[in-house]
Amino acid sequence: MLPTQQLPAPDFDPVAGLPELAAIRQAAASADWRAVHAAFAPIGDEHGRVVAARILAEAPGAELLLLQAVEQYPGDPLAAVLLAGCHIHLGWEARTGARASKVTPAQWAVFRDRLNQAERLLIKVTAHLPEYALAWVMRLDTARGLSLGLSEARRRRRRLDQVAPHHFVGQSRLLQQLLPKWGGSWEEAYSFARDSFQAGPPGSLSGALLAEYHVEQWLELNAAARREYVHRPQVRQELAQAAAGSVLHPDCRARYGLITAHGTFAMLASLAEDHATAAVHFRAMGPYGSTYPWGYLGDSAETLAEHRDRALAKG
Amino acid sequence: MIHHFEVDGVPGVFAQRPGRLAAGLVFRVGQADEPLARAGITHLVEHLALHRSGVADHHFNGATGALYTHFHLEGTEQDVSSFLLSVCQSLTALPMERLETEKSILRTEESGRGPGPAEAFGVWRYGAQGHGLVSYPEWGVPGLDPQTVQQWADTWFTQGNAALWVSGEYLPAGLRLPLHPGRRMPVPAATSALPQTPAYFAEGQGQVLFNAVLPRSAATSLYALCLERELFRELRQEGGHSYTATAACAHRGDGWSVVTGLADALGEQQDAVLGGFVDVLARLAAVGIPQNELDTVRGRADEAYTSPEADAGRLPGYAADLLGGLPLRSAEELRAELWAVTPGEVHEAARQAQASGLLRVPAGRRADWAGYAAAPLGSESAVHGTGHSAREEGGPELVVGAEGVSLVCGDELATVRYRECAAMLSWPDGGRRLIGADGITVALEPEDFEVDAHTLATVDSAVPPQAVVRMPPRAPRPPRPSAPAPKPAAAPAEPAPVFGRGQRVLLAVFTVLAWLWGGITLLVLLTMDKQSVGDPAAWFVNAMLLAIEAGLVRAVLRRRRRRKAGRRAD
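If you're matching them up, the sequences are chains X and L in order. Sequential numbering of the first sequence, starting at 0, is according to numbering that gives the first Met the number 0. Sequential numbering of the second sequence, starting at 0, is according to numbering that gives the first Met the number 0.
Pulled out of the complex, with its shape left as it was, chain X reads as follows:
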């Protein structure tokens, strides 16, 4: 019996298996702000709030709903932050994921305008409520998109860390900013990923920053160098330690971001032909998938299924 026949195509829907996130989407469809507000209430986890805000931003009609909510409830920080999230999402949509040189002046204009609108909303929220973690996470997005500089991104991450220590999304955002493609350097990015992992409590997702770092390194290399890179013993060892201290740690209770974290470890193991290790992560992922990091290999659904099935068959 072939494992490929047992496993369905991976489900990439971020709400899959997470009913509280499905409720966000439902509330958005109802076009009722109070329903959205109520749907956010049970999500206490800061990582979960970031994912929920993203799901809402992507929901059809969300912008109008949030514009009305901000107008009707000007003092409600959630409405302002979610509208900012919507602006950020629409800004990046307009910019597209293309390399900066391929983005047209008109696309840049929309991008900047959206991010400016988001940033102004977020400045107000953090001014009133410096403890509002979700706003600081979004301010890392705006800082990167608006090229506000590395030291400013670090400042924002520090402010986030004061109110939500070891916030994985915040760490991941800063890691992206610290990469050469966003103005940083491999050394800065690496030491941030390593230090964050070492400082994080056992079982937190921080170890996945090292996996993310190695994926980004791998991506920058040519085919031959890529192969050599993922097979390097010190890379394999570092990833094994990072996985053991985070997603594979018995204390790991993460509910959000797990699929991406496991997927990143799985991809690196699979590329290194360490099918046994890859299989551990694929099993933990169950029937779910995420675009990152699989999109780097081509069609994320196809490549995830291919690597997963091969690992489960061999590992």
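The set of hints was computed from the structure by calculation and includes no laboratory data. C-beta atoms are modelled at their ideal positions from N, C-alpha and C, and glycine is treated no differently. Heads up, a few of these hints could be off.
[Unchecked claim] Quick look at which bits of chain X chain L covers, simulated, 3 or more residues with Cβ under 8 Å:
1) 26 to 37
2) 123 to 129
[What the hints assert, rightly or not] So the derived list for chain L, only partly shown, Cβ under 8 Å to chain X, looks like this:
3) 275
4) 335
5) 336
With chain X held as given, fit chain L onto it using these hints.
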């Protein structure tokens, strides 16, 4: 207690204080009153008036500010009365034999003076007029003739436009102030070069500056103290991004105060300083300051009124208020106002500061993302007239019309209309630089444009004669490296080699030295142990280190300022 008296028709104020006698004669005249083409004339008068006081043993000085010119000294009763008499006699008959010498001294003084926050903001907030004139060099000085200078003194340095303050154990008898009669001069009306606020502009490196205009009140002063406290906390204590993070409040002479905030930053920290600065302003505007923190800063402010020499200390400002026709209040009244301020009033001041704010961000940065509009770098429209293409390909087009001149480069425009021309610098080689009342500059450089003699004569005759500044001959400009054409308004064609290659090398050397020395000084200060903290010798060494660093920083600033000459402001 401040007592009022009068000497030769000049109002005087006296406060008792132990020790030596001190006195100051204040006139309501300063840079803000000068036409741009005569910039520096007040300062020149001040220098000439002090000349006869010569090499006296007592300590005396003069200071020319935006609105007030101040002659002051400390000394014996005899010193005070002879100094005041000498200054007044000189003002009515300036020692014109000293004119050229004092002009040369002024040039040296100017080259050694770094621009402060007021100079940085003036032109951007007010334009090339009134309060904005502090941003400009003393362009008028070289061309001033004795008659014009004396006329200026006779108009502004008069009995009606003066006030005297004296502090000491007693008020000396027999003071004389033989000035010409004259009238009290009103403070110039504040102009605006900002179509909207909050606004920002990008200039300089290593600093973020903020400037806001608020009604003069105890709440405004307390807001400035709160701003200082918050900037220090966010940028120095928590972030470690800045060494200096401070704020101050100064009266503008018309019932409004200017609050200025400043934070310095090392190169790569500039972004964090800007971000943190924006957040501090936003936080104060959003939530104000809690009662306990207000009381802390209020306690500090109150010390200025409760010290035994408080009244003597505020005499110069008191005399200025007297001249400005502003309410004169006792220390008790000021204290009462200070303690009556509520957190809500400081919060309101913070909101107004944010709304009226002007932010200076380091060159290459923006602040539109934080809701600050870009301050105008150019003009809204161009004049109609004859076009002259730039010699260099891709350079701006020069348009000379009946109303004025424009530089046009794509969407970017710089226009100066003749009737709004604050000054036109005119070089014998045909170079012209027109500065509009809004601060926008258009440079007509023979090396950049082919402008025929007839066109140049048209421009010369169209500019009001009193706006023309005849500049001394200048060396030819060194060949320009092939660089992209500068924006018309932000960087007009460099008119003179004011900043040659030698200067550039010196600037680089001084910059490196200043950073190195600064690092050493900081290291020494930070590594002081408990023993050396109480050791005067260690502090002497520290003082020397700091003095050398200050000299280096001054040398850098001086050269940077010269390098900037020719840009929008100067």
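**Asked** For the segment 26 to 37 of chain X, do three or more residues have a beta carbon lying closer than 8 Å to a beta carbon of chain L?
**Response** Our answer is that it is violated, as 0 residues pass the Cβ test (under 8 Å) against chain L, missing three.
**Item:** 8 Å C-beta test of the segment 123 to 129 of chain X against chain L, three or more residues
**Value:** n = 5 at 8 Å, threshold three: holds.
**Message:** Next item in the hint list is residue 275 of chain L. Is there a CB on chain X closer than 8 Å to its CB?
**Reply:** Constraint on residue 275 of chain L satisfied, holds at 6 Å.
**Prompt:** Does the CB of residue 336 of chain L sit less than 8 Å away from some CB of chain X?
**Reply:** Where the cut-off is 8 Å and the nearest Cβ of chain X is about 28 Å from residue 336 of chain L, the hint is violated.
**Prompt:** Under the criterion of a CB-CB separation shorter than 8 Å, is residue 335 of chain L in contact with chain X as hinted?
**Reply:** violated, 32 Å
In this structure, the hints that do not hold are numbers 1, 4, 5, in rising order.
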